[in-house]
Each structure stands twice: as C-alpha cells, then as structure tokens.
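The chain contents come next:
Protein chains: 4
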Amino acid sequence: MALLVETTTSGREYKVKDMSQADFGRLEIELAEVEMPGLMSSRAEFGPSQPFKGAKITGSLHMTIQTAVLIETLTALGAEVRWCSCNIFSTQDHAAAAIARDSAAVFAWKGETLQEYWWCSERALDWGPSGGPDLIVDDGGDVTLLIHEGLKAEKLFEKDGTLPDPSSTDNAEMQIVYTIIRDGLKTDPKRYHKMKDRIVGVSEETTTGVKRLYQMQANGSLLFPAINVNDSVTKSKFDNLYGCRHSLPDGLMRATDVMIAGKIAVVCGYGDVGKGCAAALKQGGARVVVTEIDPICALQALMEGLQVLTLADVVSEADIFVTTTGNKDIIMVSDMKKMKNNAIVCNIGHFDNEIDMHGLETYPGVKRITIKPQTDRWVFPENNSGIIVLAEGRLMNLGCATGHPSFVMSCSFTNQVIAQIELWKEKTSGKYEKKVYVLPKHLDEKVASLHLNQLGAKLTKLSKDQADYISVPVEGPYKPAHYRY
Amino acid sequence: MALLVETTTSGREYKVKDMSQADFGRLEIELAEVEMPGLMSSRAEFGPSQPFKGAKITGSLHMTIQTAVLIETLTALGAEVRWCSCNIFSTQDHAAAAIARDSAAVFAWKGETLQEYWWCSERALDWGPSGGPDLIVDDGGDVTLLIHEGLKAEKLFEKDGTLPDPSSTDNAEMQIVYTIIRDGLKTDPKRYHKMKDRIVGVSEETTTGVKRLYQMQANGSLLFPAINVNDSVTKSKFDNLYGCRHSLPDGLMRATDVMIAGKIAVVCGYGDVGKGCAAALKQGGARVVVTEIDPICALQALMEGLQVLTLADVVSEADIFVTTTGNKDIIMVSDMKKMKNNAIVCNIGHFDNEIDMHGLETYPGVKRITIKPQTDRWVFPENNSGIIVLAEGRLMNLGCATGHPSFVMSCSFTNQVIAQIELWKEKTSGKYEKKVYVLPKHLDEKVASLHLNQLGAKLTKLSKDQADYISVPVEGPYKPAHYRY
Amino acid sequence: MALLVETTTSGREYKVKDMSQADFGRLEIELAEVEMPGLMSSRAEFGPSQPFKGAKITGSLHMTIQTAVLIETLTALGAEVRWCSCNIFSTQDHAAAAIARDSAAVFAWKGETLQEYWWCSERALDWGPSGGPDLIVDDGGDVTLLIHEGLKAEKLFEKDGTLPDPSSTDNAEMQIVYTIIRDGLKTDPKRYHKMKDRIVGVSEETTTGVKRLYQMQANGSLLFPAINVNDSVTKSKFDNLYGCRHSLPDGLMRATDVMIAGKIAVVCGYGDVGKGCAAALKQGGARVVVTEIDPICALQALMEGLQVLTLADVVSEADIFVTTTGNKDIIMVSDMKKMKNNAIVCNIGHFDNEIDMHGLETYPGVKRITIKPQTDRWVFPENNSGIIVLAEGRLMNLGCATGHPSFVMSCSFTNQVIAQIELWKEKTSGKYEKKVYVLPKHLDEKVASLHLNQLGAKLTKLSKDQADYISVPVEGPYKPAHYRY
Amino acid sequence: MALLVETTTSGREYKVKDMSQADFGRLEIELAEVEMPGLMSSRAEFGPSQPFKGAKITGSLHMTIQTAVLIETLTALGAEVRWCSCNIFSTQDHAAAAIARDSAAVFAWKGETLQEYWWCSERALDWGPSGGPDLIVDDGGDVTLLIHEGLKAEKLFEKDGTLPDPSSTDNAEMQIVYTIIRDGLKTDPKRYHKMKDRIVGVSEETTTGVKRLYQMQANGSLLFPAINVNDSVTKSKFDNLYGCRHSLPDGLMRATDVMIAGKIAVVCGYGDVGKGCAAALKQGGARVVVTEIDPICALQALMEGLQVLTLADVVSEADIFVTTTGNKDIIMVSDMKKMKNNAIVCNIGHFDNEIDMHGLETYPGVKRITIKPQTDRWVFPENNSGIIVLAEGRLMNLGCATGHPSFVMSCSFTNQVIAQIELWKEKTSGKYEKKVYVLPKHLDEKVASLHLNQLGAKLTKLSKDQADYISVPVEGPYKPAHYRY
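Heads up: the protein sequence lines correspond to chains W, G, B and Y, in order. With my numbering, the residue at position 168 of the first sequence is 159, and numbering never jumps. With my numbering, the residue at position 197 of the second sequence is 188, and numbering never jumps. With my numbering, the residue at position 109 of the third sequence is 100, and numbering never jumps. With my numbering, the residue at position 85 of the fourth sequence is 76, and numbering never jumps.
No lab work stands behind these hints, which were simulated from the structure alone. Incorrect hints may have been included.
Note that identical chains are pooled: a pair holds if it fits in a single copy or bridges any two copies.
As the list claims (entries may be wrong) - EDC-like, lysine to aspartate or glutamate: derived pairs with alpha carbons at most 16 Å apart: (1) 273 <-> 295; (2) 452 <-> 179; (3) 146 <-> 188; (4) 449 <-> 117; (5) 329 <-> 107; (6) 416 <-> 93.
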C-alpha cells in the first residue's frame, strides 16, 4: 500500500484499507448508535448550539465503530475532524471507510506497519496551510508525544541547526518518530511551534497516556492543558473493568476458540483492567492466578477467591497468560520457554512492551507459524513446544476482536465529548492552565445518568431533608472527591 | 456453485467451498488435537488394533475443526468415512477443506441452501456400487430420517408404484426430502433396502435426534440399533451445558458486538443447554429471565436467582432472546413485533423452528437488512423498529461463531468413538436389538477420566474397604444408573 | 436427664429438653409454615379427606422446626405420629417442645448420648399394646435398621434361644443396638415380628439410608416396600444441593465466625451435597479444592473452575475441610495432624464416620478444648497446634446451625407426604412389593409446581401441538425417566 | 441492672453483663488472634518500644471479640484503655467480660437501653481526677459528639448560666445527651474544657462518623485532629465490602433461618456496604433489586446484572429489604404496610434511622411479637399481615450475628492502631491541625501486606527499571492518591 493520501469526491483527505466497506461500516455504526445513549444524548443536547463551530479536532484513538460514533458526535456539534488510530491492529476497516466517506479525514487501517502508523499520525495532525488542530483527542498519548518531541527538536534546530538523530535510540518506534520530525524540519521548521500556539488542549483516554501527562506536568514540560478522561469514574471503573470483562474472552475466543473452563489462567496485574479480565476468566470456569506488586490489589484478589502468586510459581502449569499492568517486561522470553505446549500469551494493556516480543522474535531458532492474522504459534527449537501469541503482543481485544462494546464506550466517549466541549468553551478564559485536570464529579454523574434509562433503571430521588442530612445537594454531586466507588 | 462432486488426486470425492483453505484448516486441527485428549487417547489405545478395519462410516455432523479431529480418529482406527454437515451454516470451510484433502470424503460448506444440504446428505450416504455405509454418526437424525423415509417410500413403490409426493406437505424441508427420494427411486428402487440390510447401527449426538429415535423405538419403526450418545453424562452434562456456556456469548459477540452487561436476556428453556446459556448471560452481567414449561426446571432457575416468567411478560422490555427448547414455535412473529428496537433474537437449539422465521419472512412489508452474513436486521413497516436475527434462526453458536470449543467436544466425540466401536464390535453378536441404548456407566466414567490429566486434576482412589462400604467396585462405576450428577 | 417418658395433660407421651420452649417453637413453626408452601398446600388439598385416618406413623428424622411442619401436616391429614431425631445433635429443642405439647409423641433433644439416641428410637417405635407403627418415615435408615436387626434376632432366638451379643462388634453404635434388642427380647420376643407384619412401608429421606435399602433389596432381606424419597428430583437436586449451599456457611459462621473469603477450602466429594458446599464456599470468596473418586464429578468440578486434588496434596495448606461423601474414613487423624493451626474440620454427610473422630479422641496426649457446644479445639501434643472440629464430626449444619431452610425442606417433605399417602393408599393393593421405589415423575413435577407461585414464577404452557411435537402430554410429565436436570 | 460501676480485684472499673463468661471470651479471643495477623504483627513490631506509654485511650466501638484483640493490642503497646460500645446491641458479652477481667475498663453489654448506652459512653470518658483521655477511638462519632456538645454547653453555661434543655429537641437520643451534659455541668463545669485541652486526636472508624467530622471541619468547629480510618482503602474497600458480604447473610440466617435462594431482595444503597450485601444475596440465589440516588453507583449495579428500581416499584413483591445508605427515612412505615406477609426488614447501616422504627412502633393497633431477641414480627391491624424486623432496625449484622469476621476486622483495626500511634507520636509536632486526615498510602499498603502471608499469597517485586518506567518507588506506594481500586 503506497502511502498516498486520497481524496473523496467532496474533497476530504483519507487513507483507508477499502472504501467499498463503507456501507457495511455505516450499518454497524447505526447499530452502535442505538447502544450509545450518552453520545446520542450529547448530539441532541448540544447539536443545536454547535459548540465546536470553528474547532479543528485531531484524534488518535482506535478507529473502531464506536469511535466512529464519537467522531460523528464531534462533527454533529460543529467540529472539523482528522483521525488516526492509536494502535496498528485496532482499526476496523469498515468503520474507517464509512467515516472517511461520510464525515472526517481518516488515516487508519488494520495492520499498519510502525512506519505507516506514524505516517498516519502525522497526517491526522496535518491541517494544511490554514493551520490546526485546535484540540486533541488522544489515547496513549502518541500524538501528544509527537508534538512535544517535535517542538523540542524545532527549538534545538532553531538554536544550532541540530537535527534529531534516529540512531541515538534503540527504541524502534522512537527512531521512526525522530525520522519523521527530522524530515519535517526540512519542510517547515516552525510546524510544531505553530501547533503548540494554537492547541487549546488535549483530552486523554487511557491510563498509559495519563501517566505520561502527569510526568510532563511534574517536570513542567506540558505544553497545553490536559483533561484526564481516564480517571472519570464513568471511564476507568466502567470501560477498563466491564469493557475488559467483555472483550478479553471475546478476543480469546475469536483468536483461539479455546475452552476457558477448566484452564489455569494467569492475570498479571489486578487493577481495573486486571479485575475485569480475572472476573471474565473466573466466570468462564478457569482457575485464575493473579500476579501483583501492590499488596492492596493483591488482597482484593484474595478476597475474590483468586490465588496470588508470582509468574515463576505458575509459569509451567498455566494455560492462559494475560498482561494488564501498564508496565513493561512482565512476561519475558525466558518465561515463555517454560510454558506448556500451546499456552496462550496475550496482552490487554495499551503498549506492546508487557510481553517480551523482541526477545521472542530474536530467540535463536524460534519458528513462527501464523495460524491466522493476529494468532501466531511460536515454536522453540529445544523442545519443539510452542506457545500461542495473540495480536503480536499488542492490545489483544482490539487486535483479535472488536474491542469494548458500544455501551461501555458510550460512557468513555461521552466523557471525551464533555472534556472537548469544556476545553473549547474555556479556551480564552484561562480556567485551564498547562496542567492535568479531571472532569468535575457532577459531569461524571451526568455521564452515568445518560446511560440508565436505556437499561430500564429508575433512580431514587433524595428529599431535601435527606440531602441536608448527608450534606449533599439534592441534585448531586453525591460523593466526596476521594470516594472510590 | 454447481452441485458437482469433485475428486482429489488420490481419487476421493468431495465438495467443499475452497480447497485452498486446507492448510489453514490443518493448522487449526493441530491446535485442536492438543485440546482433545479423549480423542487422542483413543487413537493411542485403539489405533494399533484397527477396530474399524473394513467399516464404512457415514457421518452427518457439523463439519467443524473438532469434527475433523473426530473423523481422523475414526480413520486412524481403520474406518473409511464420508461426511456431511447437519446444519446449513455450521461448516467451517477450512476444516472441510483439510479433511477433504487429507482424510475423508466431505460434502459440506458454510451457507448451503436446503437443496444443497440434502444433496450433501445423499452424497455422504452414497458409497457407490460396493455399498455402504456400515455405520452412521448422526446429529439431529437427518441421515437416519432419510434412510427411514427412503425405505418407507421404496416399500410403497414396490407395492403399487406410488411415488412420494412433495406437495403432500407444506414443510419446505420435507418437500425436498420427498423429491430426493422420488428421484432416487427412478434410479435404484432398492437403495434404502440395501442400506438398511447393511447398517449395523447409528450413534446419535443430540437431544433432538434422540427424541426421534425414541419415538421410532416406541412405534416399532426403528430399522437398526441406536446408541444415544447425547445422554452419556459426559455428553449432555458437559457439551450441552459447558459448551453452550462458552459458545452462546461467543456467537453473540461475533455477530453483534453487543454489551451483555446490563441487558435483560430471556432464555427460553432451562434444560442443560438453557442452563449453560443462562449461566453465561448472568456471568456476563445480564439480568436473565427464564421461560419454562417444566416446574422442576423452573424451580432450579429460581434457586439460581433467575426470574421465571412467560415470554409475553417480558417480550417488550428484553434485549436478548435465546431459544434452547428443542420444541417449536417458541418465538413467533407476533412476539417479534412487540420487541424493542434492535432486540437480538437467536436460537441455539438444533432445529430452526424454535423461532418463527417463516412468519417473519412473510410478514407484509418487512424489510431485511443484512449487516453481515448471519446477522440480519429485520425492520417492521408499522413502526420502523427492527430486530436482529442471528444465523437465520438456526444454531447461532455454529452459524455466528465456531461452536463448542475443542475440549468439551472431545468428551462428546470420545463417546461417539466408543459407541461406534461398540456397535461395530457387536455387529454379529446380537447384543444390540433395534432399540435405543445408552453407553454403560463405566465407559462414561472412562471418557471423563481421559480428560482429567490435561487439567492437572488428581483423583482420589477408593480403598477396598471404602468401596465395600458404599457397595461399588474399587475401579467403578461409582454411581447407580439413576444418578443425576 | 433420667430416661423416663413423660406425659402431657392430654395423655401423650414425650421426652424433650424443655417444655417451656414450646411457645417459642410455635412462633417459629408459624414462620416456617409461610415458607413451606408444598406442605401447606398438601394440608389444603388432602386435609378434608383425611387420607391417614387410622394410620400410625413413626418418624426418625431431625426434630427441627421444618420437621415440625411435616409432622403437623401428617396429623392434619389424620395420622397419629411418634417421632425421634436421626442425629444426636440435630434436634431443635423448641421445635420438639411445641410438637410434644401440641401434636405428636416426641422423643428427642439436642445433645443426646448414643445410648439416649437409641432409647428415643425405641420409644418412637413403641406404640403400646394396640400395636404399630403402620408407616415409617426414616432418614438414614436407623429405625429401619433396628426393625431388621430386631427381627433377625427374634428369629435366631426363636430357633435356639441365641441372644444378640454386643461384644461381637467393635462398632460402638451397633453394640447399643444389640443391647437394646437383647433386652427387648426378654420382654417381648415377637415385638419385631408383629411390627414387620403390620408395617405398610417406609419412605426414606437421604442418600445414606437409600443405599442401605438398595443393599437389602439386592440381598432379598427387605421386609416391606420402601419409597426412595431422596431420589425425587425435587429432593436430591434441591435439598442436597441448595440446602447445603445455604446451611454449610451458616454452620461455619455460627460455630467459628471465620471469614470464608481468602481461605483455602477442601470439599471432599462433589456429589449434590458437595456441589452445594463448594458453590457456597466459592461464592464466599474461598479458593475451593475438591477431592473426588469419580472422574465424572471431578470433571464437573474442573469445569466450574475448582481444583481437583487429593487430600494429601493440600492437607497442610488448607484452612477449611468439609466431608460430603457418604463414605467413611475420609479425613483420618493422621491427616488432621498435618493441618495448619486452627484448621476447621467438619462433616455435612449423614454419618459421623467420614471424619476419624475415634482416632482423634484416642490420640495419645491430645487435648480437647470446648470453645462452645459443637465447637471444639483439639490440640496435638507434638506441636501444640490445634484443629477445630465442628459438631463432633457429625452433621455440622444441624449440629452448629439449624439445618436447611424451610423452603427447600418443603420440597423434600412434600415428597415425604406424597410417599406416605401413596404407601397407605396402596396398602392392600399389592402395587408395592418389598422393593425400593421412586415416586413417579408427575408427582415430582407436582411438588415443584407447588413451590413456584410463592417465588412469583409464571410457567409457560405447552400447546397441544408443541406437546405432540416433543411427544409429551400437555400436562406433563415433561421429561424421560433418565433425564438428569 | 443497676447502673453501678463495678471494680475488678485489680481495681479496674467495669460494667458488663456477666463476668462468668470471661473464660469463654478468652477462648474466642485466642481464636481471633490467629485470624488477625495485622494486629498481631503490630504487637510484634511495636510492642517492644511501647509507643503508647503514658497514653490514655477511650474507645467507643462495638465491644466484640475482634475489638477485644484491638484493645489488647493497644494495651500491649503501652496504653491504658477505657471502652464502651457504639451500638446498644453490638456487644458480645463474653468479649466484654474477658477484657474487663484482663485488660481494660469496659462498660458495655448487649441490649443496653439508650439511657444505659450514654451512661456507658460517659464512663468510658471518665478517667477520674488524673484526667484523660489522650486519644479517642470512635465509631460513628458518638463520643466525639458528646465532647463537642459538652464543650458547647459549658461555654454557654460559663457565659450566662444557660443549661442544655432536653426538651428543645424531639430526637430521643439528643434528649439524653443534653440531660447527661446538664447533669454533668452541675458537678464539674469544666469537664469538657479539660478534656478538649488534653485530647491529641481521634481516629474514626466509619462512614457516618467521618461525615460528621467533615461537617465539623467545614464549619470550623472541630476541636482536635481527626484521622479518617474509614477511607483507608484497607478499611472501606475491605471491611465495608467483604465484611458485609459475610455478615449480612450471617445475620439473616441466625435471625430468621430464611432461605435466601429464590427470594427477591431489595438493597437500598449501592456503596461499599450495599455492594457487599448485594453480592452476598445474589450469590445466595436471590434476585437482587437495588435502589440508588447516585447514577454512577446505579450504573455499577446494572453492570453486575442487578435491577435498579425505586422502593415503591418493588415494595409489595420483595421478600427481604436491607438498608445500607447511611441516610435516613429510607423505609417508612407506609412502605412496610405494603409489604408481603413476613417480609424481612433490616438495616446494616450505622444508625437506626434508615428504617422508620418510630413510625412502626407508634402505628395505631400494630402488634409486636418477639420471636426471639432481635427478631420481631410486627403485625398490622388492617390485614393481619406481618413483617419481620431485625435488631429493632439497628445494625443487623452485629445485633443478630457477630458482625464482621476477624480477618477483615484485622485490616480495619490495624489502621486504627497505626492512626493512634501516628496521632500520639506527633502530639507535639504540630503535624496535625484540627482537620480530618487520611493515612498516607504507604501505611495503607503496609496494612494490606501484613495480611497476605496468612492467605498464602506471594507478591511480585518491581525491578528498579520497571518502577522507573511507571514512576513509582520500588517499595511503593504504587498508586496515585486518586486511585480507586
């Protein structure tokens, strides 16, 4: 696939796998709309006032059917949008096609190379001569990283003509980033300066990206305000937990058809994602072993009847391994070598460094047998025993299945919409400094309330007297900031 | 696709979708073998003595990866095999290709028409001039039905030249059966006579087929001995229950990506299949309502915290409907009209008459929108509200996903292998009359024991003293025949 | 407590702990009646026709509140009743008092010695000069055993004056039985002859008693017809399973207040009782390990995510041990010595020989510290480490708590009522031979249906057309005899 | 029981129900110690340095076996202790006796009147002429309230001789508080002044008390530093959740023996306590309906498959009602009148105003039938239909059972010990102002880690490289403050 930007008849740029899948994508988008009441309510509530009028939004977030509904909510509210995916395997090509045809500039396809991935990210940021973006929707923080690295390079270049040196790192992905920036510098040495000046803020979707933002806030390098969407209760306690409870077994089943019942499954990490994964595996009839570094999370696992051990304790008897840590070097090739024949190894965390794919790929004599896309059997030469790695160690629920279902993504994405509206509305008020913010609790509660009716729930109303008794307003928010749900 | 039998280079007949998928099928078969210890043990135990030497086996059973391992177990034990699927949507084309290329005559593809389906069944029974089959593996009883109907027709024809009259029934499928038999009569009016004389017996896989066999036994029309594999404990209490617990959500997810959590799900029927479905939906976070005719099963559902209501009570508020009854006319078009927009309607029972597909298809003004194969949205003209029907009302776990996982099918299919061996071994002994038999308990226990080691289980051994105390042999069987598990 | 029979003002015999608890017992009986719709329906349906008019019923079954409702159902239907408990710890003294005062001759108290236990059993069988009983309600078969042993002894005595020799056995309980019979022979050497001639039949409540009955049927020694109530579906699949799921944690909590979450619990045996226990412990947050001899039950445990090991594998790391086998010598004193300090050991099976209490009691230097009645800490001299034994190794749910709750016992006891009516109605018809019978399925279904309304359930009705399609009557029974539920 | 303080032979004051139960209490305390590794580790770690040397601690917290282990941990660390219970029904008399005899001044018994309750609280605060307390352990804040109200009254009295007027409120409990303070003023008008000056701080156990503290902090009336123990993760996410999951069914079973399976249970409130209750009821086989005011908690309930409705929607069909809100007026007498006969109504929240007991007690013609202590049937005159109220609307798990089990209380109470040590250590440093504090996360993690070993858990250790990658210290704390677990 040559990396040439294409253009729709209406003049919108795009690069997707197969435009003929647009109709299929549209049908699934229509189904998803029914399952995404938060986003549809946002269209109804905010659409008439066009709050995003004039706003140019760049998004880097899995280009799925659910994201399509998010994008079309942003455009319904007046925004102009360019989009890329934040993972090389997570794009649903029919979703990308429908959006590219109908709504926004999309640069994404399932199975990008890393080179292609960063090319897409650059395109999503490239608003042409009129400039942009005004706002960023990020997931994992790659676009935010690109802008920060770009600006850093431009400053150095400005100072003394230094160009970024890809060979200065052995991180394959950063080599590409530096190359892109270096090549860009030759064309427009002020590109990221202009971008920085214009950007009103970013809303970040996930734990990993949020961690980067807090690091930048801590060292003072953050270039614009950021809203931490991940830590809205209606995001992290729903999407991360219930989303993974749904999509982990979905990914396992689509990739391997393996029976979960009776198996020993190891879940590395017992945060929200790990809790969702462990719950799904336990309910499916597996015996679940958790690995944890945090004694509190470990004690939670024990209270749920799960065993807490180290990876070394179970590596040779378990059948399924899932990493959920957000950390790196969780399952190394030396661990994989000890596993049972056809043990399944996968990662549901954001980045692909939880599993030592590099170690596996470079293991002398190892043989890779691709059963089907995203399902590989790797055979070690010593014992001719193989393990099955899903989605090349990347996000298995998006690589092997379709990610989280629409309903729970509606919670997450309604937070995104609200965050974007908030940033744009306050763009000149100075309300938001170059810091990381969480949405106020009453908006978090609002997101939840938009999703109750569809499930037939009826809320109880506080009387004034009761509200006073517990010192909250009748209409909420109902909990102190530190409440853990 | 023209209905022409093709021939491999080795001369074996077949008709499959795409022979180029054989390599992919072979890879998945190899994975499945690791998950099917019962079948692999059978190969190890019985292979050397070639118990099926000389036996010609016709099978009519979902042509999946798991069935491929069954077929190759039969051939490894010396049998010659011809195979068709017992459902128009359940074939996995790569499995069919691998078997056709490597092991047996296969006539099956995903998405057969009914016409094609019965053509395939006829082909599987057609052993050419040398005659056959000797044994039948049946699932749902269609091949057994064809033989019984065929013989009936031949007798009438013999008597007075009467030919079967397809117009005598308004059952679309029986019209095809009569047509096939009628056309066959012209070629060979003794075909089914010869078959009946030769057939040693049938082993039947599922509840629905077993029900037919007991009806034939009751009215004295059964033509050969039958082993009811379905009612082996290691079949019905495993495959039906744990298999469906796995494959129902798998089918729902692959077809619709719908979030199960928070939904109201109606499970019609609370037998083994219904129990598995209800468990899966409850564990996925749905609120499950059960419909039942049997007060005992209803009381079981209540004890599990499920609500027991009639369909009419919940038809307009539920989100997901699953039929598991083995009966007919469970969800009628008049029910479907009352459902919420995008309610999901599916059947996991063997035949497609649980859901009134005929009523739906012929509803005036109804519109069918195919989202993707096996996932259709049907829109009623009155309110423009749609429902989503999976696999055209047929077995949704095989139509929309890949059916039950290998491990649990290993239990079921090891019973099949044992049943076939038993029938063939006793072919001349008179041990089996024209009746329906269940495998003896010690064989049932053996099937279970073949599956324990792989899951790391260790059995406790009875002492002689303990065995005497509870009046069982030390080596089993351990339970009376009426024990319910 | 001197073993003297007392007499109410109305002249009814009894021996209970404390007659002043009768009012309390009556209040709890009234609560229980609301929870026992099957028994109350039986009173409404059969009361007017007084089917037990003239019948004298002896019952040996835990003298609890629930049994009180059973007894008063029998008397409401016209029977005269004498009752004893079938376990030395299971009597609820307030229930015994209320019944003794108001309805039937009761000989039972919590904490009988074995000597007292058999004295009570004898009293329950002693209908005085006018003779009796006509019918037996048995649980575990002790009264049935007494009659069979009694008759055997009378025959020997008649033949050559041989008296039973208590010293011929080292089973402490049989020594008492022989002594009682021997002493009785001196008074009335035809007592059991007369009893046998009169008794119409027995209905047996539990697995253990049923096992004995089948053994007697097999060796031809059964003296009268027996109805196996245990194997009614509405008994064994409800009382054994859901009853234990309720009463096991109840007993653990009342006896020890121990936190179940986080513990390793070993359930010996995975039959219906074991399934209920394992489910309760798993739900409470324990990690459950199952021991099994039967590969089928073991595979079921695995499918539910439970580990299957031998006792030896986990004896030194588990926290809670429950025996549910109906077998003997499951946990020996040599096992107990290896346990962690304060490991809890208990039995929920019928007899107290699952746990080696004799070995424990006679262990040199062992020290028993009674925390409270039925909760003992036994300290081994070697390591000063103790284990906690509940209810002296007897039925812990009745010894330490109040047994199964009313609702599920209503299912079991409605089967008892129906069985007793059936035996009495057919007393002269010859319908029942000296064999063991199970109630017909339509009565089983009836028992279930009597319990649905109270839980708000609505059954679906079969159409004639549907009933024909699955070959069952519209009004049931709906399943073949071999159906396992 | 005359309200006279008694004195042990060693001269320690006390007032308990029955000193003869001390031995029994001691045995159960010894069992509990094995289950409370956090407290026992604290004794081992801090005992040698006697950190509480010279400290006088007043505690107002359920006088149970678990609290006994807490008290003896405080004394083992050098403190002198006086104690009362914080609920009229929660004292375990054998625990009170053992502590009174062996370790601390106890004023508590099960079934205090409100008058007696406040007398006990006063006694616990009364350190005699030498003055005290230095530290407060509070649960619900009653002792803290007494001191604050006392000081307020002393100031008014000082100003113009005004005495508190019990008739100024219609809250029965506040009338008693005012009376006590009024009477005390006559004896020592500076009592609470002296107390305030001396008190170093309070550590508060529960949500309700914490709410009061934050209100006082907000309006500037808080007299001394407070540590909010409730919001330690190892308290509120364990004790509130897993403690209630254990003790709710325990209380239901001991009070009513009702079968939970099949019932409709309403849980009012879905906070941590409600989550634990709902989980227990669901696992027990009930169908659970949740009532909520907070849309986020409501959505959590839905994701777990629970129905969310208002009380009015289900009041007439549910069987069991549990209030967990911490609010008031949740179930009113007008609701109770609509309930089914023998519906069970109980409260597991801290105060008894969740259920309208006053309305029930004063309902014209209502009849109260005490089945047994803490289990009352209330019969309405109109329809002769009754409801069953547990523990007179107070904490049912402590009133009807024994509260939370030792293991989870070990987590809570280790936080208490750490909080008390912290307050005492920093008594002169000025570290703590008159505000509400939460323990730092590393201490929270420490509490958890003290409980892992006993459950056989093994933690994974972060490498330095991994710790840096996620920006945490190798030894923790591992999560940001806002993390919700």
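Going down the list of hints, with the structure as the test:
1. Proximity of residue 273 and residue 295 under a CA criterion of 16 Å is satisfied in both settings, with 10 Å inside one chain copy and 9 Å between copies.
2. Proximity of residue 452 to residue 179 under the C-alpha cut-off of 16 Å is found in neither arrangement, the shortest distances being 58 Å within a copy and 47 Å between copies.
3. Within a single copy, residue 146 and residue 188 get their C-alpha atoms as close as 14 Å, which meets the 16 Å cut-off; across copies the closest is 60 Å, which misses it.
4. When the C-alpha separation of residue 449 and residue 117 is checked against a cutoff of 16 Å, the pair qualifies neither within a copy, at 46 Å, nor between copies, at 50 Å.
5. For a Cα distance limit of 16 Å, the shortest separation of residue 329 from residue 107 qualifies neither inside one copy, at 35 Å, nor across copies, at 49 Å.
6. In this homomeric assembly, residue 416 and residue 93 never come within 16 Å of each other (Cα to Cα): the closest approach is 26 Å inside a single copy and 67 Å across copies.
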